[in-house]
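Trainee: What follows is the residue order along each chain.
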Amino acid sequence: MQPLLRPLFYYLWTAPHILQAVIVVLMIRRRLYRQFPVFLLYTVYELLQFTILLAVFIHFGSLSDDEYRGAFLVGDAISSVLRFGVIYEIFVEVFRNYDALSELSKVLFRCATVTLLLIGVALAGSHGSGADGFLLVVPILERTVRLMQCGLLVFLFLFSRYFALSWRNCAFGIALGFGILATMELADYAIRSQIGVGSYLLDYLGMATYHCCVLTWIFYLVAPEPRTYRMQKKLPEHDLEVWNEELQRLLQQ
Amino acid sequence: MIITLVLVVVAFLVLGFLIKLARGHSASFEALEDPTQHIRAVDVDAFRNLVDPDEEEFLRANLPRAEFRKIQRERLRAAVEYVSCAAQNAAILLRLADAGRRSSDPATAEAAEKLVDNAIRLRLYASLAISRLYLGMILPGAHISPVRVAESYEQMTRLVVLLGCLQYPTRGISAAL
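From first to last, the protein sequence lines are chains A and B. Quick note on our numbering: the first sequence kicks off at 1 and runs consecutively. Quick note on our numbering: the second sequence kicks off at 1 and runs consecutively.
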């Protein structure tokens with residue numbers, strides 16, 4: 001690592017996690033843990049993971065390759081599972097108020113998950129040649145997971161958009177943040193699976209993306225909910241005829 | 001290498017889509033300042049006529065085969081336009097009804113709830129009906145009867161009027177309905 005970039009590295013490593021502590025506080029104060037318990041769990045988990053890694057880093061100075069890989073694999077696996085949980089949680093939250101769609105959305109969610117898994121597995125055979133098995137296998141696995149997450153979120157956005165469903169700010173913000181994260185990480189791991197080696201540029205890009213996502217979550221958690229629609233304008237006179245006709249028909253039912 | 005490139009391009013396209021969504025998230029509420037501007041006229045009777053099997057049979061019996069296929073395609077294209085209009089209206093009404101559901105008045109909230117269900121059902125039927133209409137364009141002889149869309153639209157229209165009455169007793173929603 002270049003000495004000039006060292007402060008940037010420490011900033012991008014620590015700042016998002018400090019901001020995640022703010023998210024935890026915001027969620028508790030606004031009682032959002034009732035709607036998004038998995039997201040709160042994910043945030044707390046990321047915070048805890050960072051705290052442990054920071055403590056280890058301060059105490060030992062650095063980690064050996066094997067220790068780092070072990071910690072990375074376990075930590076990342078748990079994080080990925082939690083992210084799927086958050087995506088499902090957003091699904092449930094978005095369709096909760098729409099009885100006509102709740103069953104259909106669950107079926108389609110499962111179908112989309114299986115389809116994306118199959119696509120990910122089919123693409124897993126495509127990778128570059130790296131000297132290190134760890135640096136080759138992990139990006140391929142990560143790429144598959146990110147592809148699934150990205151696809152599920154796009155599906156969620158498109159499906160809800162088609163039905164013109166209204167989103168609460170916090171649900172939209174959480175989904176948007178995860179969408180940006182999954183998208184950027186998909187590109188990141190696709191490149192890593194091809195080059196088969198680590199890259200400082202990709203590391204910085206990944207950390208900066210995560211920082212942006214945490215800021216997105218905070219922004220949408222703090223932002224007030226959009227005001228409820230109220231009709232302001234008076235309609236033309238001839239509308240009254242339609243009103244009367246329709247009301248007559250309604251009364252005759 | 002090609003798959004990597006494809007994934008990177010897809011990732012950036014999705015990112016663009018997400019950014020567009022984020023920009024539109026707040027704007028979508030502002031767009032409903034005056035819903036009547038966004039609601040388009042839908043003539044249910046005309047639509048029924050376009051997808052009427054008897055009408056189709058009549059045209060088939062009285063027109064040369066080539067002309068019938070041409071006219072039938074035109075009719076179905078017009079029917080698609082009608083269904084799309086109805087579906088768009090349903091989307092706008094869904095937003096209106098969403099706001100109505102939070103009403104403290106139980107009658108308004110109930111009417112809004114029904115309207116939401118109907119609007120969603122219409123969007124579902126519309127997507128299926130459009131697929132079938134396009135299939136009918138490819139195979140003009142195929143039996144098409146998306147009359148359920150028309151019925152659903154009429155039902156929804158009545159509900160929105162009821163909702164409008166309950167929410168805004170001195171105002172209307174739209175003559176276009």
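A couple of the hints might just be wrong.
Here are the simulated lysine to aspartate or glutamate pairs, EDC-like style, with alpha carbons at most 20 Å apart [what the hints assert, rightly or not]:
(1) B:Lys114 to A:Glu103
(2) A:Lys106 to B:Asp54
(3) B:Lys70 to B:Asp98
(4) B:Lys114 to A:Asp76
(5) B:Lys20 to B:Asp43
(6) A:Lys106 to A:Glu93
Just so you know, the hints here were simulated from the structure itself, not pulled from any lab data.
Trainee: All the hints need checking, so say for each whether the structure fits it.
Mentor: Evaluation of the provided hints:
no.	hint	in the structure
1	B:Lys114 to A:Glu103	holds (18 Å)
2	A:Lys106 to B:Asp54	violated (40 Å)
3	B:Lys70 to B:Asp98	violated (42 Å)
4	B:Lys114 to A:Asp76	violated (45 Å)
5	B:Lys20 to B:Asp43	violated (33 Å)
6	A:Lys106 to A:Glu93	holds (12 Å)
Figure legend: structure checked against the earlier numbered hints; hints not met, in rising order: 2, 3, 4, 5.
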